[in-house]
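Colleague: The primary structure of each chain is shown beneath.
There are 2 protein chains.
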Amino acid sequence: MKRTELGTLGEFGLIDHLTKGKNTQNPSTIKGIGDDAAVIKTGDKMTLISTDLLVEGIHFDMMYTPLKHLGYKAIVVNLSDIYAMNGTPKQVTVSLAISNRFSVEALEELYEGMYTACKVYGVDLVGGDTTSSLTGLVISVTAIGEAGEDQIVYRNTAKEGDLICASGDMGGAYLGLQILEREKQVYMANPDMQPQIEDKNHLVHRLLKPEARKDIIEQFAKAGFKPTAMIDVSDGLASDLMHICHQSNLGAFVEEANVPIHEQTYMTAIDFRIDPITCALSGGEDYELLFTVDPKNLDQVKYMNDVYIMGEMVAKEDGIQLHTKQGKRHDIIAQGWNHFKKEE
Amino acid sequence: MKRTELGTLGEFGLIDHLTKGKNTQNPSTIKGIGDDAAVIKTGDKMTLISTDLLVEGIHFDMMYTPLKHLGYKAIVVNLSDIYAMNGTPKQVTVSLAISNRFSVEALEELYEGMYTACKVYGVDLVGGDTTSSLTGLVISVTAIGEAGEDQIVYRNTAKEGDLICASGDMGGAYLGLQILEREKQVYMANPDMQPQIEDKNHLVHRLLKPEARKDIIEQFAKAGFKPTAMIDVSDGLASDLMHICHQSNLGAFVEEANVPIHEQTYMTAIDFRIDPITCALSGGEDYELLFTVDPKNLDQVKYMNDVYIMGEMVAKEDGIQLHTKQGKRHDIIAQGWNHFKKEE
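Respectively, the protein sequence lines represent chains A and B. Counting from 1, position 156 in the first sequence corresponds to residue 238 in our numbering; the numbering is continuous, with no gaps. Counting from 1, position 285 in the second sequence corresponds to residue 367 in our numbering; the numbering is continuous, with no gaps.
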């Protein structure tokens, strides 16, 4: 029998491959695979469903991930997908596979983090499944949200000439991970060494305790407009921008100078001898919102708090390009986080 | 710091412990933790959400589980939870954690089984997440269903005097597992031995390719009544009956002679020197429906296809008892499938 390695397709290639040519059969299924969340018609409102699996050793390292933060993050990353549809998360379910090396007290910490996130974002934990695992911890979270039919924002509806905007602060979580990995190596070589992360708090925080951008969605509602397309930045700004481009059949032109990068990200990238823009484009796990806006809404978007206009959607033939601070044009390449690469 | 082992609480004890005292905050959250599915008010209908995690080495052994069957079963066991609320499943999401030892072709098999189940039960696969795993395969499925507000059947609404009914055939899946485990041992001792399972096809099928009882729900609708309480039999008839009893604050009286046991189950239990009624009560993974019916609906229920009236709900003080074929009364003990037992 033929054997094709998973790494040859990558995560998105794999999902496309496994699900292509499959049609949906229920009229209530408005949107299936291919966006931040599925859209289901339920009465006069739409129900949004998003789900994520977090695996120990792949998505988190118990050595530097406090369980309370892990629980908080597991909820937040799912809520981020619902906000990325311009919806409001209302419920979550949580399934856990746990090995016997975890105690009841450890799970209490994990749940405390999850319930804290639920409280902060106004969602209810409504169910799940708990089972054992032969090895590590696996956390599966499903978020359920609601939105009016006209309110939902998809990935495939950007138009040529739309402004490319993003919230927040790109590349920080990636550098937070590099710092914790470095400190782990130092610690393993010499357990008496104290971690040196005081001036990197922002970056470590970005990795361990991200927030979902509920505030941005609320600003849209207040300003009375919605983006033309939107996605949350989980795989990396470049990779997620490409999703909008490919699904909208367009190209993009991004100004390097306008990509939001925190000062700590900038300085730490230089320390690590990485170009800060590479961190911002390919880092991932930022959980910011990337969205496109009709130019007629320029006045509304330009004064939004913590929102940056980074560029413009262009024709597909013009490619997906970065205009550097030196005035050069480069193709943007999506590196993303490919979990199926051989080295893992 | 205090360390309490997971095994001291058991699965249900653990969930109760971690979630007790937490209130819901959204008016749309009608039912949270504690039933087969969560119930969410979405417009004039209710949305039902149920989720399960299947872990390699805990829930299935790749050595005797064909991937196509595993995919089919992963979907079906979730749909069973929606039917157990008297609802209709409409969508599923599927998340996978996969190690590199699986090929693309292996995942195609798995997805073929999942899509077959989707087709048979009329549901759409609308999303999910795919990631890598350092060791085994983990499958997380969430089912989304709908039901009218008056149609939903909970676990905690049985009344004293209600008839205790069940669909189908109890204990078969448990014996199917015993047979496959025995054949695995034989094969590992001598790989040239051919498996001897021809006359056990029914039992192996019950384990590897169970069906959800959509037909029973359709019979309720046709007959124009609904049960007073319902649960699907996944942990074992005894354990699931206890959920109805405890949540409805009642006892139960079950006639051994009326518990539906397939002939192959009966004969094979004797081969294995296990009492058939023990298999039926404690086996688990049957995915049948266990429900209680108001005696005024006796005429409707007694002619239902593949439905058996096994006993009667009684006062809590009368306990949860089995009336044996020898005329004796025994307390029913829930053994269930405790995934946190020490020996695992």
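Be careful, since some hints might not be right.
Identical chains blur together in the list; that is why a pair holds if it fits in one copy or across any two.
Under the rule of at most 25 angstroms between Cα atoms (straight-line distance), these lysine-lysine pairs were calculated in the BS3-like manner [what the hints assert, rightly or not]: (1) Lys102 with Lys123; (2) Lys104 with Lys291; (3) Lys127 with Lys304; (4) Lys123 with Lys296.
Simulated from the structure, these hints should not be mistaken for lab results.
Colleague: Each hint needs a verdict: does it hold in this structure or not?
Modeller: So, going through the hints one by one against the coordinates:
Only within a single protomer do Lys102 and Lys123 lie at most 25 angstroms apart by alpha-carbon distance; the minimum there is 23 angstroms, versus 32 angstroms between protomers. For the identical chains of this complex, Lys104 and Lys291 are inter-copy neighbours only, at 22 angstroms across copies versus 37 angstroms inside a copy, given an alpha-carbon limit of 25 angstroms. In this assembly of identical chains, the alpha carbons of Lys127 and Lys304 lie at most 25 angstroms apart only when taken from the same copy (20 angstroms versus 29 angstroms across copies). Within a single copy, Lys123 and Lys296 get their C-alpha atoms as close as 23 angstroms, and across copies as close as 22 angstroms, so both meet the 25 angstroms cut-off.
When the structure is compared with the earlier hints, no violation turns up for any of them.
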